[in-house]
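For reference, the chains in residue letters:
Protein chains: 2
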Amino acid sequence: MINELSALRLIEEQFQSAIECVEVGIGDDAAALRVSPGKLLLATTDCQVEDVHFRKSRITPEELARKSVAVSVSDVGAMGGVPKFILASLGFSVNEDERFLRGLIKGFKSSEEEFGVKLVGGNLSASEKLFLDVTSLGEVEPENLVRRSGALPGDAIYVSGTLGDSALGLRLLSDGKTSDEYAYLIGRHKCPRPRLALGRRLALSGAVTSMIDVSDGLLLDLERITVQQGAGARLHLSQIPISREYSERISDYTEDFFETALSGGEDYELLFTSPPARRDEVQEISRALDIDITEIGEVVSEPALTVLDPGGDEIDINRRGFIHFGN
Amino acid sequence: MINELSALRLIEEQFQSAIECVEVGIGDDAAALRVSPGKLLLATTDCQVEDVHFRKSRITPEELARKSVAVSVSDVGAMGGVPKFILASLGFSVNEDERFLRGLIKGFKSSEEEFGVKLVGGNLSASEKLFLDVTSLGEVEPENLVRRSGALPGDAIYVSGTLGDSALGLRLLSDGKTSDEYAYLIGRHKCPRPRLALGRRLALSGAVTSMIDVSDGLLLDLERITVQQGAGARLHLSQIPISREYSERISDYTEDFFETALSGGEDYELLFTSPPARRDEVQEISRALDIDITEIGEVVSEPALTVLDPGGDEIDINRRGFIHFGN
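Those protein sequence lines, which keep their order, are chains C and Y. When you number the first sequence by the working numbering, it's gap-free, plus one each residue, and the end is 327. When you number the second sequence by the working numbering, it's gap-free, plus one each residue, and the end is 327.
Bear in mind the hints are in silico, worked out from the structure with no lab data behind them. Be a bit skeptical, because a hint or two may be false.
[As the list claims (entries may be wrong)] Sample of chain C residues with no beta-carbon within 12 Å of chain Y, all distances over it, derived:
#1 GLY27
#2 THR45
#3 SER57
#4 GLU63
#5 GLY121
#6 THR135
#7 SER174
#8 SER179
#9 ALA207
#10 ARG244
#11 GLU245
#12 ARG278
#13 ASP280
#14 ILE285
#15 ALA288
#16 ASP290
[Said to hold, decoys possible] When the alpha-carbon atoms are kept at most 35 Å apart in a straight line, the in silico DSBU-like pairs for lysine-lysine are as follows:
#17 C/LYS129 - Y/LYS39
#18 Y/LYS39 - C/LYS118
#19 C/LYS129 - Y/LYS177
#20 C/LYS109 - C/LYS56
#21 C/LYS109 - Y/LYS177
#22 Y/LYS129 - C/LYS39
#23 Y/LYS56 - C/LYS190
#24 Y/LYS118 - Y/LYS190
#25 Y/LYS106 - Y/LYS177
#26 C/LYS39 - Y/LYS118
#27 C/LYS118 - C/LYS56
#28 Y/LYS106 - Y/LYS39
#29 Y/LYS39 - Y/LYS109
#30 Y/LYS129 - C/LYS190
#31 Y/LYS129 - Y/LYS39
#32 C/LYS129 - C/LYS39
#33 C/LYS109 - C/LYS177
#34 C/LYS109 - C/LYS39
#35 Y/LYS118 - C/LYS106
#36 C/LYS129 - Y/LYS109
#37 Y/LYS129 - C/LYS177
#38 C/LYS106 - Y/LYS129
#39 Y/LYS109 - C/LYS118
#40 C/LYS56 - C/LYS106
Note that this is a predicted model, so its numbers are computed, not measured. All residues carry an ideal CB built from backbone N, CA and C; glycine is no exception.
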């Protein structure tokens, strides 16, 4: 019995030896590799497995292929880079019909345009359960690379968009609540929009000290850019950005208004840190791209996560991120 | 119901549009991408799926991880390139024990040294059936890239090493014949040796017009570098290189001495074409690296595959390569 975090730790221990041509190895959103002067190659892979990450009855093959690309290129964007190429390794049953494959192809095709990438290779395997493993390759100038490490005490913590929509959308979908009134939330789950333009713009501004895409839930991903790097974070609960749709529906599922926003995964929003002095630049980027960016807390020196209620009192919160593994 | 070849055709149709930064896209051993002046980035992915490509009871986790890297880097070598980085996307059951994961890690670790690569990233997913999807990234100078296309009528056809050992080894393994006397053949199946040094040397010589690694069987892979490119091939059956161990054991399984050598997959030998005038250079490389290279036939203009018996008569052969998909 093994979980994702302890497995990752085991792997990081073994493969983190420094090597000249690897700027960033295992443990960030993407690897950053020195393959040409003046540019880093970003490489990352993300896998969607049937009955773990999705159920075939609840997503079309087009949506599934598009999502598998979206979540993979998202990691390139979270490093400040521009995705360029993808490789798709597909495992599917020999009993799958051609229409299904055509649907997947259509989804990959539309992703090429949407994300500005080109599918250049991949692999087909037989597999009882469907899986889509998408490798994304991208580029970033060394000076614009934004890593998970780099946050300093005193930095402000920001997040784009709203949180918890995807996790709530998944619950609605699982309950068969697919009518139009739930379309926004379900759409956030099935058709996540990686913040590529925002990630790139933030990186180019030089105002950002660390960045990650929120794939496993705010608290877990925040821990990755603070606690795991030796710093800590203080979050202001009242500042967590929540959509109108989330506000209206969350009480159908839980009395804890914030839990899903704090811990629900797959939002693919950008979580980043920036010195308070650069606040205006961050807000300028938000305005220019018409993407909400909310300041939700600050980096502190003690390597722990605390959440404060509107009165400034510490809340005893059940720290829990959505873990793909073991789900 | 769909098979690998028709699925591949469908995909190639959709994604083969020319784009400036893609020198080679879908349809070769690896994609070749222009990401830096003077160098092409090679990218390829290969997946091993439990009960499709392997059975857990018949291979150790170390061997499995090593093999998943070996077959992936082999595609980089078959383009004339040097593998540099790998990403490993693993799917495995939450009930897997840590010892198993440690075994996989050990296998990846030893691959780094053996193949001169660095594991720089990957992904962990839950999955009922184990799978290992390994993306390899490598480099080659544009002038040394060897593609599947390029064979010209009159070119000699060569193959390295011996053929059929891996497929026969798999049969022995499936029958539980694991005593020492079968070790060579089973070893050829479980621990394939990608011909990286040979592929590189052949590419640097400039003597090679096309190249592929024999992963799906000689006949099918030969078709890929000839018939699918508009040319054909004439094979001399008596020249097919066979190991002593294969000769001694194949009759336990089939009366057709050559079928397994012609159609059995996973040899990971190099199959390549070269003008007859450069025969001496090819043999010089064979001697220098101490790797047997055998001339097995010639490229012809008519886009068909023919096999000749020792008397020069055409053999009516059941053309069949080992197809992973639908297996």
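For each hint given before, does the structure comply? Return the numbers of the non-compliant ones in rising order. 1, 2, 5, 6, 17, 21, 22, 31, 32
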